[in-house]
Amino acid sequence: MMATRTSSINARAPTHRAIRPASSQKTHRRSLLCRAEDTQTSAANVVTDATFEELVLKSPVPVLVDFWAPWCGPCRMIAPLIDEISNEYGDKLRALKLNTDESPSVATEYGIRSIPTVMIFKDGAKLDTVIGAVPKSTLVNAIEKYL
Numbered sequence: 001m002m003a004t005r006t007s008s009i010n011a012r013a014p015t016h017r018a019i020r021p022a023s024s025q026k027t028h029r030r031s032l033l034c035r036a037e038d039t040q041t042s043a044a045n046v047v048t049d050a051t052f053e054e055l056v057l058k059s060p061v062p063v064l065v066d067f068w069a070p071w072c073g074p075c076r077m078i079a080p081l082i083d084e085i086s087n088e089y090g091d092k093l094r095a096l097k098l099n100t101d102e103s104p105s106v107a108t109e110y111g112i113r114s115i116p117t118v119m120i121f122k123d124g125a126k127l128d129t130v131i132g133a134v135p136k137s138t139l140v141n142a143i144e145k146y147l
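Note that the sequence shown covers residues 1 to 147 in my numbering.
It is worth saying that the hints were derived from the structure and are not from the lab. Some hints could be false.
Computed Cβ-Cβ distance ranges for the label pairs, DEER-style [what the hints assert, rightly or not]:
(1) K145 x W71: 27 to 33 angstroms
(2) G124 x G73: 30 to 36 angstroms
(3) V46 x M77: 16 to 22 angstroms
(4) P60 x R113: 27 to 33 angstroms
(5) P70 x D123: 28 to 34 angstroms
The C-beta atom is built at its ideal place from N, Cα and C for all residues, glycine as well.
Make a model of the complete structure from these sequences and hints.
Printed below as a string of structure tokens:
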């Protein structure tokens, strides 16, 4: 009885889906690419293999390091959150971004196996790690423990 009922429901359900015209698809794809490009980091908040020790380990304030890559969708999702946190905490916290494709040594040293990964450092020591695209509140809770 159940199989007959299910098949009759499926028979009434529409099986088509809306397809965008080719010109609309190109525009949509272009806008997605433009949004992804907007997440590029400025030189002011970038850390590399060469600058990691100076900017992170020797920092007089706690440092939040976002390990990311340009091809990573979840990384692009949390990028604006990292920028907001940087602006909100001002001088109490330094927020930096490390591109794991361009600076693989530090990522390897700290065992980064998944991105995005956010680590919090204070006085040269790694204190906390948050893995994945998490809500801003999760990052703030992790930060607040060390301020």
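Checked hints:
One distance hint, 27 to 33 angstroms for the beta-carbon pair K145 and W71, holds here, with the actual separation near 31 angstroms. In this structure the hint that G124 and G73 lie 30 to 36 angstroms apart at CB holds, the actual value being about 32 angstroms. For the pair V46 and M77, the supplied restraint of 16 to 22 angstroms holds, since their beta-carbon distance comes to about 19 angstroms. Look at P60 against R113: about 30 angstroms separates their beta carbons, and that is inside 27 to 33 angstroms.
Restraint check, P70 to D123: a C-beta distance of roughly 31 angstroms satisfies the suggested window 28 to 34 angstroms.
When held up to the earlier numbered hints, the structure conflicts with none and fits them all.
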